[in-house]
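Participant: Here's the letter readout for the chains.
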Amino acid sequence: MSVVISKPTPFKEAIKHLASKRILPNTLSSADLARLSADIRRASAFSARVANADFVQRAYDLINSIVDPQRTGGAPGATMDSERMVETMQSYLRSIAYAPKRGEEGSLKDLSSHPRLKLIADLNTRMARGMGQFVQGQDPAVLDAFPCQELFRLRNFAAVDRGTARDWVSRWRSSGGRIYDAGRMIARKDAQIWTEISTFGNPYPPYDYNSGMWTRPVSRQEAVDLGVISANDQVERSPIADASPLQASAEAFSDAVKKALIESFDGEASIIDGVLTMESG
Amino acid sequence: MSGVTITGFAREKLRRLTTALNNGSYRPALGQAGARIMVDHFSSINRSGAHKSATELGAKPSELYAEFAEATNYQVEADGVLLTVAHHAIRQRYYGGRIDPVNASRLTLPARAEAYGRRAGTVGVPLDFHYAPDPKTGRWRPALVSWEGGTRVIKDRRKGHKGEMRTVPDKRRPPGVWFWLVRHVNQQGDHTVIPTREQFIEGTDAALKGWVEKLIGNQNA
Numbered sequence: 441m442s443v444v445i446s447k448p449t450p451f452k453e454a455i456k457h458l459a460s461k462r463i464l465p466n467t468l469s470s471a472d473l474a475r476l477s478a479d480i481r482r483a484s485a486f487s488a489r490v491a492n493a494d495f496v497q498r499a500y501d502l503i504n505s506i507v508d509p510q511r512t513g514g515a516p517g518a519t520m521d522s523e524r525m526v527e528t529m530q531s532y533l534r535s536i537a538y539a540p541k542r543g544e545e546g547s548l549k550d551l552s553s554h555p556r557l558k559l560i561a562d563l564n565t566r567m568a569r570g571m572g573q574f575v576q577g578q579d580p581a582v583l584d585a586f587p588c589q590e591l592f593r594l595r596n597f598a599a600v601d602r603g604t605a606r607d608w609v610s611r612w613r614s615s616g617g618r619i620y621d622a623g624r625m626i627a628r629k630d631a632q633i634w635t636e637i638s639t640f641g642n643p644y645p646p647y648d649y650n651s652g653m654w655t656r657p658v659s660r661q662e663a664v665d666l667g668v669i670s671a672n673d674q675v676e677r678s679p680i681a682d683a684s685p686l687q688a689s690a691e692a693f694s695d696a697v698k699k700a701l702i703e704s705f706d707g708e709a710s711i712i713d714g715v716l717t718m719e720s721g
Numbered sequence: 008m009s010g011v012t013i014t015g016f017a018r019e020k021l022r023r024l025t026t027a028l029n030n031g032s033y034r035p036a037l038g039q040a041g042a043r044i045m046v047d048h049f050s051s052i053n054r055s056g057a058h059k060s061a062t063e064l065g066a067k068p069s070e071l072y073a074e075f076a077e078a079t080n081y082q083v084e085a086d087g088v089l090l091t092v093a094h095h096a097i098r099q100r101y102y103g104g105r106i107d108p109v110n111a112s113r114l115t116l117p118a119r120a121e122a123y124g125r126r127a128g129t130v131g132v133p134l135d136f137h138y139a140p141d142p143k144t145g146r147w148r149p150a151l152v153s154w155e156g157g158t159r160v161i162k163d164r165r166k167g168h169k170g171e172m173r174t175v176p177d178k179r180r181p182p183g184v185w186f187w188l189v190r191h192v193n194q195q196g197d198h199t200v201i202p203t204r205e206q207f208i209e210g211t212d213a214a215l216k217g218w219v220e221k222l223i224g225n226q227n228a
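So the protein lines, in turn, are chains A and B. Each residue of the first sequence is one higher than the one before, counting from 441 in my numbering. Each residue of the second sequence is one higher than the one before, counting from 8 in my numbering.
Among these hints, one or two may not hold up.
Chain A stretches covered by chain B per the calculated footprint, using a threshold of three residues with CB under 8 Å from any CB of chain B [claimed, not checked]:
hint	stretch
1	474-486
2	489-502
3	589-600
4	618-628
5	654-663
6	698-705
Lysine-lysine pairs mimicking BS3-like chemistry, simulated, CA-CA at most 30 Å apart [stated by the list, open to error]:
hint	chain 1	residue 1	chain 2	residue 2
7	A	Lys452	B	Lys216
8	A	Lys452	A	Lys698
9	B	Lys166	A	Lys558
10	B	Lys166	A	Lys541
11	A	Lys549	B	Lys59
Below, a sample of chain A positions facing chain B; criterion: calculated Cβ distance under 10 Å [to be verified]:
hint	residue
12	Pro448
13	Thr449
14	Ala518
15	Glu523
16	Arg524
17	Thr565
18	Gln573
19	Ala585
20	Phe640
21	Asn642
22	Pro645
23	Asn672
Rather than coming from a laboratory, the hints here were simulated on the basis of the structure. Glycine included, each C-beta is placed from N, C-alpha and C at the ideal position.
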């Protein structure tokens with residue numbers, strides 16, 4: 441293998457995942473949106489209580505440019521990152537005279553706030569990359585060579601130092617996970633635990649808001665040596681890796697998906713003028 | 008040297024191995040092995056706390072190398088495997104070079120922890136161009152300064168003001184120098200950003216050992 445630094449190559453699986461999403465304008469809270477099935481959430485581009493489809497479309501276009509740096513052409517100063525996305529979206533919100541509710545300025549409920557826009561940028565960028573790495577890990581030859589993966593801390597060490605980091609070991613254990621080699625959280629790639637530990641119901645990281653945890657593949661030899669699997673164990677490919685985008689027209693969800701959306705809320709929600717809305721307001 | 012006769016079991020092992028080599032099914036596995044090495048490398052750098060600017064300012068690190076790890080992937084090509092880091096910043100880190108402002112006359116460098124990782128347009132305080140003394144050198148430098156700092160709106164809990172909101176200074180957006188302004192920056196290249204060839208070779212050998220053993224049927228039950 442030669443180490444050659446050449447021009448960037450697109451992260452195809454991450455880009456494809458973003459391209460498959462359909463805009464979902466809504467008036468729902470994060471808690472309400474969590475009631476949607478993971479399939480629908482994976483296939484949707486949305487932000488809590490954002491009924492403005494143009495906002496969501498612009499945000500996702502910028503996220504696409506972060507995930508695919510070649511999209512901006514590579515000219516100096518043209519690259520997109522989360523801070524530049526925040527600045528661009530704040531400028532757009534000023535142009536439409538957006539104003540947060542009094543008392544919510546600067547908070548996560550303020551769509552123009554730095555914390556809110558940074559969360560949108562970072563979470564969705566990381567989800568696209570997480571999905572991309574997940575799909576790559578599901579190749580049949582890769583499943584043979586790397587049948588397991590490990591949950592490990594990649595970032596947010598400052599939170600650990602402060603003592604404010606989530607207790608992922610407890611979450612792992614309570615979801616049925618086993619610990620190996622004095623502290624390693626490892627499981628087969630087809631284990632249910634990968635969706636169990638996720639707030640979003642995704643078998644790939646990030647597994648929670650502002651989480652610093654990520655996954656890395658564990659080789660067959662290492663997994664056997666640690667006792668996670670036996671030498672000839674076969675790991676099943678996840679159907680999520682092969683999932684085609686939810687049936688959708690170019691502009692909106694299909695009738696079948698709309699029905700599924702409404703059914704998710706037991707009749708409490710409806711789609712009015714293309715916006716998913718809670719009946720209770 | 009006389010000819011070599013390969014017995015049945017070895018022929019089968021070789022057949023499996025050569026089949027995998029010929030049909031390219033080894034490539035994704037090789038790609039994943041390489042990606043694992045890259046992720047570990049970036050994770051190690053990120054964890055090491057090598058965040059000079061952030062440390063000097065007392066700021067939260069940007070964790071750029073964590074982003075590199077998350078953007079790492081492999082792409083199978085007709086003649087091999089590409090390992091790629093789909094992130095705009097890695098080339099600059101590896102090669103270094105001069106950075107000039109685009110669409111502006113100066114670059115901004117953070118002067119305080121609150122400005123680290125931020126753009127002048129996103130810090131949420133009005134900034135003015137001014138000259139200010141650099142506390143490290145005492146020399147006056149061009150800077151972006153906030154005279155009043157930022158504010159935030161909170162519930163008024165003072166007696167007689169129940170139910171009202173009031174505006175107070177936001178300690179996270181204080182007055183003072185937020186950014187120093189420079190005409191350009193020269194960044195040193197750093198080839199330790201990516202693993203060495205030797206690290207890749209050693210790592211992929213170890214990672215694929217079990218897979219090859221399974222492929223040719225050498226495992227212990």
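Participant: Quickly compare the C-alpha distance for B/Lys166 and A/Lys541 to 30 Å and report which way the hint goes.
Facilitator: It holds: about 24 Å lies between the C-alpha atoms, which stays within 30 Å.
Participant: If you count the residues of the stretch 489-502 of chain A with a beta-carbon closer than 8 Å to a beta-carbon of chain B, do you get 3 or more?
Facilitator: As far as the stretch 489-502 of chain A goes, the hint is violated, because 0 residues have Cβ atoms under 8 Å from chain B.
Participant: Establish whether the coverage given for the stretch 474-486 of chain A by chain B is satisfied; the threshold is a Cβ-Cβ distance below 8 Å, and no fewer than three residues must meet it.
Facilitator: Coverage by chain B is violated here, the residue count being 0 at a Cβ distance below 8 Å.
Participant: Would the hint on A/Asn672 be counted as holding, given a Cβ-Cβ threshold of 10 Å to chain B?
Facilitator: With Cβ-Cβ at 6 Å, under 10 Å, it holds.
Participant: So is the stretch 589-600 of chain A in contact with chain B by the C-beta rule, three or more residues under 8 Å, or is the coverage claim wrong?
Facilitator: holds (count 6)
Participant: Report holds or violated for the interface hint on A/Thr565, using the least CB-CB distance to chain B and a cut-off of 10 Å.
Facilitator: 8 Å, holds
Participant: Check the hint pairing B/Lys166 with A/Lys558 against an upper bound of 30 Å on the C-alpha distance.
Facilitator: 37 Å, violated
Participant: May I ask you to test the interface hint for A/Pro645 with respect to chain B, counting a Cβ-Cβ separation under 10 Å as satisfied?
Facilitator: Holds, because the Cβ-Cβ distance from A/Pro645 to chain B comes to roughly 8 Å (cut-off 10 Å).
Participant: Quick check on A/Ala518 please, does its C-beta sit within 10 Å of some C-beta on chain B?
Facilitator: Holds, about 8 Å.
Participant: For the stretch 618-628 of chain A, count the residues whose Cβ lies under 8 Å from any Cβ of chain B; is that count three or more?
Facilitator: Violated, because only 0 residues of the stretch 618-628 of chain A bring their Cβ atoms closer than 8 Å to Cβ atoms of chain B.
Participant: For a C-alpha distance cap of 30 Å, please report whether A/Lys452 and B/Lys216 respect it.
Facilitator: Holds - the C-alpha atoms of B/Lys216 and A/Lys452 are around 28 Å apart, at most 30 Å.
Participant: Quick check: the stretch 654-663 of chain A, covered by chain B? Criterion 3+ residues, Cβ under 8 Å.
Facilitator: With 8 residues in contact (Cβ-Cβ under 8 Å with chain B), the coverage given for the stretch 654-663 of chain A holds.
Checked against the numbered hints above, the structure violates hints 1, 2, 4, 6, 9, 11, 20 and 21; every other hint is satisfied.
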